[in-house]
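Protein chains in written order, with my numbering: chain P, 1 to 395; chain V, 396 to 790; chain S, 791 to 1185; chain L, 1186 to 1580.
These are computed hints drawn from the structure, not numbers from a lab. Note that the structure is a prediction, hence the values are computed from the model and not measured. Some hints could be false.
[To be verified] Which stretches of chain S does chain V cover? Using the computed rule of at least three CB atoms under 8 Å from a CB of chain V, they are: (1) 970-979; (2) 1168-1180.
[As the list claims (entries may be wrong)] Keeping only pairs whose Cα atoms sit at most 25 Å apart, straight-line, the calculated DMTMM-like set for lysine to aspartate or glutamate is: (3) S/Lys-1049 with V/Asp-771; (4) V/Lys-758 with V/Glu-437; (5) V/Lys-657 with L/Glu-1222; (6) P/Lys-68 with P/Glu-364; (7) L/Lys-1444 with P/Asp-376; (8) S/Lys-1049 with L/Glu-1568; (9) P/Lys-386 with P/Glu-364; (10) S/Lys-1025 with P/Asp-241; (11) P/Lys-235 with S/Glu-1024; (12) L/Lys-1447 with P/Glu-23; (13) L/Lys-1440 with L/Glu-1419.
Note that the Cβ used here is the ideal one computed from N, Cα and C, for glycine as well.
Given next are the chains, with one letter for each unit.
4 protein chains.
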Amino acid sequence: MATTKRHDVKDLALASEGVRRIEWADRQMPVLAAIRERFENEQPLAGYRISACLHVTTETANLARTLKAGGADVVLCASNPLSTQDDVAAALVDEYDTAVFAIKGEDNDTYYAHIEAAVDHKPQLTMDDGADVIGVLHSARREQLGDIIAVNEAKTKHLFDNRYGTGQSTIDGIIRATNVLLAGKRFVVAGYGWVGRGVASRARGMGSHVIITEVDPMRALEASMDGYEVLTMEKAASVGDIFVTATGDKSVIRKEHIKTMKDGAILANTGHFNVEIDIPGLRSLATDTREARAFVEEFTMAGGHRIYLIADGRLVNLSAAEGHPALVMDMSFANQALSAEYAIQNAAELERKVYPVPEEIDKEIARLKLETMGVDIDTLTEEQEKYLASWDEGT
Amino acid sequence: MATTKRHDVKDLALASEGVRRIEWADRQMPVLAAIRERFENEQPLAGYRISACLHVTTETANLARTLKAGGADVVLCASNPLSTQDDVAAALVDEYDTAVFAIKGEDNDTYYAHIEAAVDHKPQLTMDDGADVIGVLHSARREQLGDIIAVNEAKTKHLFDNRYGTGQSTIDGIIRATNVLLAGKRFVVAGYGWVGRGVASRARGMGSHVIITEVDPMRALEASMDGYEVLTMEKAASVGDIFVTATGDKSVIRKEHIKTMKDGAILANTGHFNVEIDIPGLRSLATDTREARAFVEEFTMAGGHRIYLIADGRLVNLSAAEGHPALVMDMSFANQALSAEYAIQNAAELERKVYPVPEEIDKEIARLKLETMGVDIDTLTEEQEKYLASWDEGT
Amino acid sequence: MATTKRHDVKDLALASEGVRRIEWADRQMPVLAAIRERFENEQPLAGYRISACLHVTTETANLARTLKAGGADVVLCASNPLSTQDDVAAALVDEYDTAVFAIKGEDNDTYYAHIEAAVDHKPQLTMDDGADVIGVLHSARREQLGDIIAVNEAKTKHLFDNRYGTGQSTIDGIIRATNVLLAGKRFVVAGYGWVGRGVASRARGMGSHVIITEVDPMRALEASMDGYEVLTMEKAASVGDIFVTATGDKSVIRKEHIKTMKDGAILANTGHFNVEIDIPGLRSLATDTREARAFVEEFTMAGGHRIYLIADGRLVNLSAAEGHPALVMDMSFANQALSAEYAIQNAAELERKVYPVPEEIDKEIARLKLETMGVDIDTLTEEQEKYLASWDEGT
Amino acid sequence: MATTKRHDVKDLALASEGVRRIEWADRQMPVLAAIRERFENEQPLAGYRISACLHVTTETANLARTLKAGGADVVLCASNPLSTQDDVAAALVDEYDTAVFAIKGEDNDTYYAHIEAAVDHKPQLTMDDGADVIGVLHSARREQLGDIIAVNEAKTKHLFDNRYGTGQSTIDGIIRATNVLLAGKRFVVAGYGWVGRGVASRARGMGSHVIITEVDPMRALEASMDGYEVLTMEKAASVGDIFVTATGDKSVIRKEHIKTMKDGAILANTGHFNVEIDIPGLRSLATDTREARAFVEEFTMAGGHRIYLIADGRLVNLSAAEGHPALVMDMSFANQALSAEYAIQNAAELERKVYPVPEEIDKEIARLKLETMGVDIDTLTEEQEKYLASWDEGT
C-alpha cells in the first residue's frame, strides 16, 4: 500500500512482521474487535482529530485501527522511548494508514519532537498514557487547551490493566532479562498501589518472600494484613534480592539504600518514569559497569560486589518483555474507544478537561469480556431488584 | 457497683465473666485504648446522647466504654438477635454503667422493643450497624430526624472489618459449627463485595476450591481474574459442598437451587439479614428436620438426602463463633469514636445526615495501628513531596 | 444397654450426647462406614484382641465401632490426657460396648494406669498414636513383645492427616482459644515436616506473614523456596506474634527465646508432647500467672509484658478445638482398619514389628474417598499401560 | 584457543556470546563453583571418561566445566533436539575444551548419531537426563553395560529442579510464546507429580483457575485437597483455555479431547517426550496450519475454530524459554558432580547400575545453598540430640 501519511518510524520494511503480530493480538482482543465492527458502520468519530501518546505495541495498534474505523484522524507517538515495537510502528503506517512518530530507543530530543508532532496535529481529543502531551499543552501550548478533551483513568484501567496486566508482565520482564528463579527470593516491592499489589501478588505466586515498602499508612496496613512483610526501604535494602519500584514518585531507591545492598541485587522499575531508582547515584557509586546480559547492566561497587539494573530503570515490562498481555489491553482499549465515543457524543455538555469514564461503560466492557470468556453470571430477580430498591429508599 | 441505669439484659450475675472477657479484648485494642485515655482528659463528647445499635460483644463494650469516657450518655441495643453475648451485656450495665437492651435469642418483638428503647433515648448521634435505628427513625419517628447525625461507613470498615474480620470469622463460624475439613471442598461464595472476597480468600487459604456467584459484571470479572471459578448459582448449586451468602440481597439461594444440591450440602449466611437463603423455601422442601449439632439444623429432603443450615441463616460469624477478632474491631471502633468526636466538633457545619468518615481519620487510625504492630514505614523526603506536588500542579 | 465392659470414664450419663456426635462424624466418614459394613459380614478380625491408644474423639469412636464390627475385642485408652471427649468415652462404653480407659484432664498417674490397662488386655495387635503403649511394652513388658504386631504410619497419615487435618485444626484451636486475627500477624512455625507445612500453609492462607525455623537444611531450603521467611528461633523469637511448635523434639522454644519475646506473644504446640516449649522455663521467668481466657494462661514477665500459653503446651488442635475434622480421620482410620485386616491375614508371614501400610491399601482408600467426593479421574488406556511398561522394561 | 576436541556443533563463531552467558549463569551457581574449586585441587575424577546426555544450556556448561576441573574426560550430547543453545555448545568446544555433539533443531538421525558419539566415548560413568544413552546401551551395546555406573535421580532433582525450576520455566515458556494473560484462564495440568504440582502452583500464583487431571487416586486426592479442581481430561478438554501435559506418559491429550476444545485453546508439553499430546492426531483434524507467532503453530479445525500448539509439543520451558533458572540447576548439578565423585570413590563396592544419590550429599548441597542465600537455620542442642536418640532407641 502506498504510504502517504506523515510518519517517523524505523523501517517500513518491518511492516509485514508487524501485521502478523497485530493480528495475533487482535484474536485476543474480541471486545475491541466487536466495537471496531460497530464503529465501521456507525462512524461515531468521523471528522475528529485524535492524538494518542501511548506505548506503541500490537495492542495499541488495534486501538488505533478501531479509532480509525470509527472515522477519526489519528496521530500516534510513543509514551516511552524504550517500549516502541518498530515492526508495529511500520505496520500502522504502511498497512493501516495511521500517522506514527516513534522509534525504539530514540533519544530525548527525538522523543519530544515526536510529542510535538502529536500536538501539531491539533487534536480535539487526546489519549495520553504518561500525560506528556497534556504536559506540553499545559506548558507550551496553552492556547490549544481550550479545544481538548482528554479521556483517561478508567476504573478498569486501575483494576485490570495495572493490577493484572502489570503484575504478570513485570514478572515476565524480570525473568526474561535475568532468568533468575523467583522461588526463595526476597522480593521487595516499593509501593502498594494497584501496580504494586499486582506485582506483589504474582511474585508471591512464584514463591518469593515479598516485602513491601510504603509511605501511606492505610496501604501499609493493608499490605501487612495481606500477609506481606512491611519494612522501610532502609531495612529492606540490606535483605532484598530483587527490588521493583511501583510508586510514581522519584528517588525511592537512593544511594544510601544501594550502598547497603547485597552482592547480586537486581533493580527494576515498573512505576512510571525512570527516576524511581536514583540511577545517577547508582552510577556514581560504581567502579565499573558492563552489560551482563541483554537489558541487564552490571555495576561493580567499591567493595567488589555487583548490582544489576534492568532496562536502565525504564518500565521493565515494556522494555524487557512485551508489555501487557493483549487480553488486558482489550479491556483498557475498549474503554478508551467507548470513552472517545462518549466524549464526542457529549462534547457540547462536557467541559474541556480530563474526564472519568462513566461507570456504565466499565460495566458494559466487563459484560462483553465475560461473554468472550464463556463465563455466565447471575441476574437480579424482580423480587431482588425490589428488595434492594426498598433499602435504598428506606435509608 | 450499684446499677441505676435502665437496662434489659439476661442476668446481671454474668457480669464478672463479662468483665474478664472485655479486658482480654481490650488488650488487643490498643488504638481504642489510647483514644479512651485522651477522651477521659478532654471530654469531647460531654453532654451528648448516643444510641448505638451494634452487635453486643466484648469489642463493642470497649467502644461503649470509650464513648462514655469521652462524656457521652450511651444506650446500646443489639443489631442482631443472635449475636448478643449476655455476659458482656451484664458487665456493661453492672461494671461500666452503660444502658443496655439486648438478650441473646430474643424474639422479634423484644428485638424491636429494644430498638425503640434506643430511639427513646433521643440521641443526637447514632451508630448503627444494620441501619435499623435509622429505619425506625425514618419510618415512625420522622420528627426526631432533624436532630441526628449518623456516623458510619468508614473506609477502614470496608477494607479491614469486612474483608479481614469477616473473612476469618466466617470460616471460624463454619468450622466450629460443623468441624468439616475445608481442604478439597467446593466452597461457593455468593457475592464478591468486600465480605465475599474476604471469605473467598480465606476459604482458598484453607484449601477449598472456591466458586463465586455474582450479578455485577465488574466484580464477576475481578473474581475470575483472581483465579476463582465463576458460575451462576444454578450451576454452583449442584456441585457445591458449602454455600455462604454475602450479598446484602434476599433469596440468593432459592428453592430451585436447593432442590439440586448434593447430600450433605451446608448453607450459611454472612451477609446481613437471614433472608439471603430462602429458609421458608428450604423448610417447605424438607420431610423432616432436627438439630444435628449445636447451631446446625438438618433438613431431610424428599429424596432422602440431607441439607444443613447453620445458625438459622443468621450471621454465621457472630452466631456460631465470636464475631470479628478484637484487633479488627479496634480499628473500626477507633474510627467510630474519632468520627463521633469529629461530628460533634463540626456539628454546626454538618447537615443532619449520614457522613463519610474523613480520610484523615482513617490515616490516623492506620498510623496508630501500625505503631502498635511494631511496623515502621517510609516517609516522603522533601524532594519527593515536591516532585509529587509538581505533578499535581502540572496536570 | 447394660454395661458389662471394664472401663474408667468420667460419667456414663454423657453417653447420649456422645452418640449424637459420633453419628454426625459418621456421616462424614463414608469410607470407614463402607468398610464397617463389609467387616460385619466377613468378620475378618474375629477372635483378635486389639489395644488402641488414640485420642478419644468421635472419629476414633467410629474406628472402634468398625474394629468391633469386624469381630475384634477392643480396649481403648487415651494417647493424650487433654484430648479425651468424655461424652464419646461414655458412649463407647454404654452404647457401643467397648472397653474405654480415658478421662479428660486425668493426671499423670491415671494416664499411665490407663495405658497399663491397655497392655493388660494382652493385645495381638496395637494401634498407637504416640507410641506410649509400645514404649511400655519395650521397657516393662518385654515378654509380651513377641506376640504383637503394631500397625502404623500409613502414607495417608503423613499426607492427609498431618498436613491437611492438623493444618486446619491447629489454626482452629488457636482462634478458638484466643480469637486473635491472623491477618498481619508474624506467625512462627517451628519445624517444616508434614505438620509444620500444613500449619504454615493455612496460616498463610489466613493472611499471616509466616516464618519457619528448622534444623534440617533440605527442609529449610524447601520452606524458603515455598516463599516463607526462614529464621533461627533466636531471631524469630523477637519478631513473632504467634509461635507454634511442630517438631517432635523438646525444648524448641527455650528461656533464652522467651526472654526476647514481645508483649502479647502467643505460644502453642501442635507437635507431640508438651515438651516442645520449655514450660518450666517459662514459668520460672514469670512474676505472675493467671487464666486470661479458657485454655489461655497469661504469664507476666519481669519487665511487665505478658506471654500467653495455650492449653499448657499440649496439642492445641485437640485441646482447644475438636482435633482433626472427621473427613480427614475417615481416611486415616479406614487405613487403620484395612491395615489391621491385612496384618491378621498375613500374620503367619509377618514378623512381629511395626509395619508400613501396603501402598495398595493407600490407593484403595484414596479411590473410595474420591468416589464419595464425586470426583472422577482418568484411567490409563491400554496403549498408555504398554508405553509405561516398555519404559520400565527398557531401563 | 585451538580446538582439537572432536565435536559437532553449529558454529564455533558463536563461542564468545556463549562464554558471556555461561559466566552470567556461573554467578548464580555458587555451590557448583565452590565444588569446582575443590575439584581443581583434588582431581577426584582424574582419568575417568564421562558421557553426559543433557540439555545443552549455560548451566550444563558449568557442570561440564566442573567435571573437567575434577580431571574427567567429558563428552556431551543433547538430550533434546530443540533445547540446545548453539552458542553454549560452541563455547564449550572452543573455550572450555569439551567434546560436544549437539545442534539445535537437529533431525532424528543426527540426534541419534550424537548419542552414538557419546556411547563411543566408552564412558565409565553416564549422566543421562532422558535415559537415551542408557537406552542405547541396553538395546544395542549390552557388551559395554558391565563397565558403567549411571548416576541419577537425586532427591534434590525431584524436590527443587522439577518442582520449582520447571514450575517457573514452564509458565515462562508459555508467556514468551503466546503473551497471554494467565489471570482468569482455565489452566489444565495433566499429571500431579513433582513437575505437575510445580506448574499448577505457579499457574495459580499467576491468577489462573487450575484444573488437574490424574490417573493415580492418591495424587488426585492430594490435588483436590490442595484446592484444585480435579476433572477427567474428557471434561477438562471442553472448558480449558491452556493445557500443559506433565505425565511422562503418551497420548494424554488425544483426538477425542481435541475435538471438544474451545476456539483459541493452547497446548504445551512439559513432561518428557513430545508424545504426551497426540500431535499426529491434532494434525489430522486440521484443515489448515500456519505459524501464528514464533514457536506457536495454529491449527484451524473443520468447524473453523483454532487450536495452538507450542514448540511442536517439545518441552515448552526449554524450547520457548531458557529452561531452568541457573539457581535451580546449581543444586541439581552440584549433586551430579558430588555424586560422580561418590561413585568413583566407591567404584569397588558399587554394583554397575543406577544409583540413588546418598542423602548426605543432598543435605550438604542444601547447606551450601542456604549459606549462599544468607539464610541461617537452627542446629540441634545436645539435649535435643539426646532426646531424639532416646526416641529412636526406645521404639
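Hints, one by one, checked against the model:
Here the stretch 970-979 of chain S counts 5 residues with a CB under 8 Å from a CB of chain V, which clears the bar of 3, and the coverage holds. Requiring three or more residues with a Cβ within less than 8 Å of a Cβ of chain V, the coverage given for the stretch 1168-1180 of chain S is violated, as only 0 such residues are present. With a CA separation close to 23 Å, the supplied pair S/Lys-1049 and V/Asp-771 stays within the 25 Å bound. Pair hint V/Lys-758 plus V/Glu-437 holds up; C-alpha atoms about 22 Å apart against a cutoff of 25 Å.
In summary, the hint linking V/Lys-657 to L/Glu-1222 is not supported, as the alpha carbons are separated by about 64 Å, beyond the 25 Å threshold. Taking the CA atoms of P/Lys-68 and P/Glu-364, the gap is about 22 Å. The hint holds against a cut of 25 Å. Note on L/Lys-1444 and P/Asp-376: the hinted pairing holds, with a Cα-Cα distance of about 23 Å set against a maximum of 25 Å. With a C-alpha separation of about 20 Å, the suggested pairing of S/Lys-1049 with L/Glu-1568 holds against the 25 Å cut-off.
For the proposed pair P/Lys-386 and P/Glu-364, the alpha carbon gap of about 23 Å is at most 25 Å, so the pair holds. Between S/Lys-1025 and P/Asp-241 the CA atoms are separated by roughly 20 Å; this keeps the pair inside 25 Å, and the hint holds. In summary, the hint linking P/Lys-235 to S/Glu-1024 is supported, as the alpha carbons are separated by about 19 Å, within the 25 Å threshold. As the CA atoms of L/Lys-1447 and P/Glu-23 are separated by approximately 19 Å, the hinted pair is consistent with the 25 Å bound.
About 11 Å separates the Cα atoms of L/Lys-1440 and L/Glu-1419, which keeps this hinted pair within 25 Å; it holds.
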